[in-house]
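Since chain A is already given, all that's left is putting chain B on it; use the hints.
Chains A and B are the protein sequences, given in the same order.
Counted from 1, the first sequence has number 62 at position 62 by my numbering; the numbering is strictly sequential.
Counted from 1, the second sequence has number 48 at position 48 by my numbering; the numbering is strictly sequential.
What the hints contain is simulated information worked out from the structure, not anything from laboratory work.
Note that beta-carbon positions come from the ideal geometry of N, C-alpha and C, so glycine has one too.
Hints may contain errors.
Only some residues are given here: those of chain A computed to face chain B with a beta carbon under 8 Å [stated by the list, open to error]:
(1) Ala12
(2) Glu17
(3) Gln23
(4) Ser41
(5) Asp76
(6) Val79
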Amino acid sequence: MSHITKEEYLSAFVDGEAGSFEQHRICDQLATDEVMRDKFSSFSLIGEAIRNNSQTEASIASPSFLSGIQDAIADDEPVVLTQGDSTVISLDAAKARKRLFPKQAFGYAAAASVAAVAAISFQNYNSTQEMSQQTTSASLEAEAPVNKVQVSSIISSVKPVKTKLAKTAPKNDYFITASFKAPDAEMRGLMNKYVAHHLQYASSSTLMPRVRAVSYSTDF
Amino acid sequence: MGGNQTDLELVKRVQAGDKSAFDVLVLKYQQKVINLVNRYMHDPHLSMDVAQEAFIKAYRGLANFRGDSAFYTWLYRIAINTAKNHLVSKNRRMPDSDIDAQEAEQYSSADALREFATPEHELLKDEIHGTVMNAINALPEDLRVAITLRELEAMSYEEIAEAMECPIGTVRSRIFRAREAIEKELKPLL
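Chain A with its partners taken away, still in its complex shape (with noise of 0.2 Å):
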């Protein structure tokens, strides 16, 4: 599998093909990497440059045209969306609203018919798992009884793997430099949907599970 350069991403990003995830990723990647943003407003230009290539000479902005704006706008306030507006939605989004709500209704009955199966199915396989495994142990017991302060003692004497790992690892370390960030509820949507999309080809015999996602990587 070859792999996909951030610089491949961008210029997708460009032309908003980039995907949810990785388009999540270029902008935070965009909103510190001075190179990136260099090369995003030269891709911008060469799409302009070849549309408008016999009058590009005044749509070429100087350096300080960003500058200039940033200056003023620095001493403003963090833009905060206006009370009543949850959050931006697109056109598509507002057009579809309309007609939603018989088929929300049947979702909703969709969703509450597979969720009662699936929770049956649920109930009856944790009781076969308790059943066989009060089984197995009972067996097990009878064969070669425990030790309770024994099991407890060794227990105790068991060190975090994880704390030794991150002492003794070298600082140029992978984990150690790339750098990690909490997703947003925005985020664990997308990987939500991302395990949904990968699951249709897994088993259809096991519950569809759920990613709670720690953090996310944005190196690429």
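Chain B only, in chain A's frame:
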């Protein structure tokens, strides 16, 4: 997914208090807004100032932007109004042919620009034009076709993949490599 979705993502970030996301929107639309304002001002330097003012107004108005129209349409409307207000405040005549924000995206300002192009501008224009055309002509055919279909025909990656009978990933890679090659030639001029 189109450029609209990218804009929405950036707008959402600005509305969540991330000022740097607005920088990306400025970088994306600065040339288009300057060109548009130029149509009214007939002065490249003044156009820069008015375009900056338009972006500042847009930033301050983003709290009220709910995405009922595309971001660029909204931005172009602000730019047009800012240019008009500037002309009124200077008691200058409005341009004969008016344009609205919907048309602005396709607007070509070449004729208007010819009227006040300075020798330096003419030289730079010729250089950029020549460099871009030479760079495109020097590209291998598959890269040249991909970038042309994207930039001139505004085709989506999916449409280009269909037209060129190749996977979308290949299209993305070809367009990127074409841009890299053109940028390499263009960089000394910028």
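Evaluated hints:
At about 5 Å, the closest approach between the beta carbon of A/Ala12 and any beta carbon in chain B falls short of 8 Å, and the interface hint on this residue holds. Given hint, A/Glu17 at the interface with chain B, holds; its Cβ is 5 Å from that chain's nearest Cβ, closer than 8 Å. A distance limit of 8 Å between C-beta atoms decides the matter here; for A/Gln23 the minimum to chain B is near 5 Å, and the interface restraint holds. A distance limit of 8 Å between C-beta atoms decides the matter here; for A/Ser41 the minimum to chain B is near 5 Å, and the interface restraint holds.
The criterion of a C-beta within 8 Å of any C-beta in chain B is met by A/Asp76, whose closest approach is roughly 7 Å, and the hint holds. A distance limit of 8 Å between C-beta atoms decides the matter here; for A/Val79 the minimum to chain B is near 5 Å, and the interface restraint holds.
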